[in-house]
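S.K.: Here is how the chains run, residue by residue.
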Amino acid sequence: MFTERRLRIKTLVGVLAIVVCANCGDLLLKRGMSQIGPVQISLAGLSHAFRLTVTNGTIWAGIIFLTGFMLSYMTVLSWADYSYVMPAGAFGYAVLTFLAVIFLHESVSSRRWFGVFLICVGVLLVGQTKPRTTEARAELPKKLPKGVPA
Amino acid sequence: MIKVALLLGVLVFGSTGGEIAITYGMKATGEPEHLTPRALLKFLGRAFRNGWFWAGVPLMALSFYSLLVLLSWEPISLVIPASALSYVVGTFGAKYVLGEDVTLARWAGVVLVCLGVALVTFG
Chain A
1 MFTERRLRIK
11 TLVGVLAIVV
21 CANCGDLLLK
31 RGMSQIGPVQ
41 ISLAGLSHAF
51 RLTVTNGTIW
61 AGIIFLTGFM
71 LSYMTVLSWA
81 DYSYVMPAGA
91 FGYAVLTFLA
101 VIFLHESVSS
111 RRWFGVFLIC
121 VGVLLVGQTK
131 PRTTEARAEL
141 PKKLPKGVPA
Chain B
1 MIKVALLLGV
11 LVFGSTGGEI
21 AITYGMKATG
31 EPEHLTPRAL
41 LKFLGRAFRN
51 GWFWAGVPLM
61 ALSFYSLLVL
71 LSWEPISLVI
81 PASALSYVVG
91 TFGAKYVLGE
101 DVTLARWAGV
111 VLVCLGVALV
121 TFG
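First to last, the protein sequences are chains A and B.
Counted from 1, the first sequence has number 70 at position 70 by this note's numbering; the numbering is strictly sequential.
Counted from 1, the second sequence has number 105 at position 105 by this note's numbering; the numbering is strictly sequential.
Take these hints with a grain of salt, some might be off.
[Stated by the list, open to error] Each computed DSSO-like pair below joins lysine-lysine, with the alpha-carbon atoms no more than 27 angstroms apart: (1) K10/A / K42/B; (2) K10/A / K3/B; (3) K130/A / K30/A; (4) K3/B / K130/A.
[Unchecked claim] Each pair of labels, with its calculated beta carbon distance range: (5) L41/B / W60/A: 37 to 45 angstroms; (6) H34/B / P38/A: 41 to 49 angstroms; (7) S110/A / V89/B: 28 to 36 angstroms.
[To be verified] Derived coverage of chain B by chain A (criterion: at least 3 residues anywhere in the stretch with Cβ under 8 angstroms from a Cβ of chain A; other residues may be distant): (8) 41-47; (9) 63-71; (10) 89-96; (11) 103-111.
Just so you know, the hints here were simulated from the structure itself, not pulled from any lab data.
The C-beta atom is built at its ideal place from N, Cα and C for all residues, glycine as well.
My request is simple: use the sequences and hints to build the entire structure.
M.R.: Take a look at the structure:
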């Protein structure tokens with residue numbers, strides 16, 4: 001019982017890290033690319049854009065967040081079900097809508113609010129199921145300890 | 001229209017195929033012993049030596065490229081709701097490829113999330 005509760009909390013924290021890192025990474029990349037301006041599709045244009053990209057702090061911050069996203073995604077999938085993590089990650093769509101209303105003062109249609117509501121109910125339904133329904137298939141160590149028959 | 005449907009198929013099956021391969025690889029890798037930087041680095045080292053991880057990466061890259069091409073052909077209000085189908089395809093993959101126990105509650109949640117993503121994008 002304790003183990004299952006610990007697993008659920010660990011998974012929810014991991015999914016939260018996935019959602020936060022993915023959304024922050026996307027927003028920072030978008031902001032960084034806006035600072036650089038439209039990229040010209042030519043050899044000179046691409047190399048100029050590359051130089052601007054690697055010297056832009058906002059883009060580096062975005063890359064750090066996206067690396068955090070990939071790391072947390074891989075880590076959570078090492079113990080939790082894919083069919084649990086994947087829909088829970090969609091919670092990011094709801095978070096982005098709330099952020100757009102609060103910080104960007106965007107007006108959101110009732111249809112979009114209904115979509116956010118469906119995502120939240122869907123994530124709650126998935127969140128109530130067991131985070132792991134399969135056994136881990138971790139490979140056995142190749143070297144056996146001394147004294148253990150092969 | 002056939003071209004769009006085909007590329008949408010590549011997008012959906014590429015992303016779910018890639019994620020399922022990575023999940024398979026991560027399950028074989030096993031979870032990190034602790035959530036410390038040292039243990040996470042060891043975990044990453046084990047993951048990068050797993051073939052399933054490297055099978056998943058090009059599939060996800062293919063799906064990302066398909067998304068970019070689709071976005072250049074069709075409006076985002078069509079592409080993103082259609083790509084939400086990957087939640088349903090992914091759940092089938094989780095059940096039949098990874099052998100996960102997908103209960104009725106989980107199916108209902110996945111369908112609601114899929115509809116919700118479509119509505120948020122259309123809205």
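S.K.: Decide, hint by hint, whether the structure agrees.
M.R.: Structure-based check of all given hints:
{"no.": "1", "hint": "K10/A / K42/B", "verdict": "19 angstroms, holds"}
{"no.": "2", "hint": "K10/A / K3/B", "verdict": "43 angstroms, violated"}
{"no.": "3", "hint": "K130/A / K30/A", "verdict": "36 angstroms, violated"}
{"no.": "4", "hint": "K3/B / K130/A", "verdict": "40 angstroms, violated"}
{"no.": "5", "hint": "L41/B / W60/A: 37 to 45 angstroms", "verdict": "21 angstroms, violated"}
{"no.": "6", "hint": "H34/B / P38/A: 41 to 49 angstroms", "verdict": "46 angstroms, holds"}
{"no.": "7", "hint": "S110/A / V89/B: 28 to 36 angstroms", "verdict": "29 angstroms, holds"}
{"no.": "8", "hint": "41-47", "verdict": "holds (count 3)"}
{"no.": "9", "hint": "63-71", "verdict": "violated (count 0)"}
{"no.": "10", "hint": "89-96", "verdict": "holds (count 5)"}
{"no.": "11", "hint": "103-111", "verdict": "holds (count 7)"}
Going down the numbered hints, you'll see the structure goes against 2, 3, 4, 5 and 9, while the others check out.
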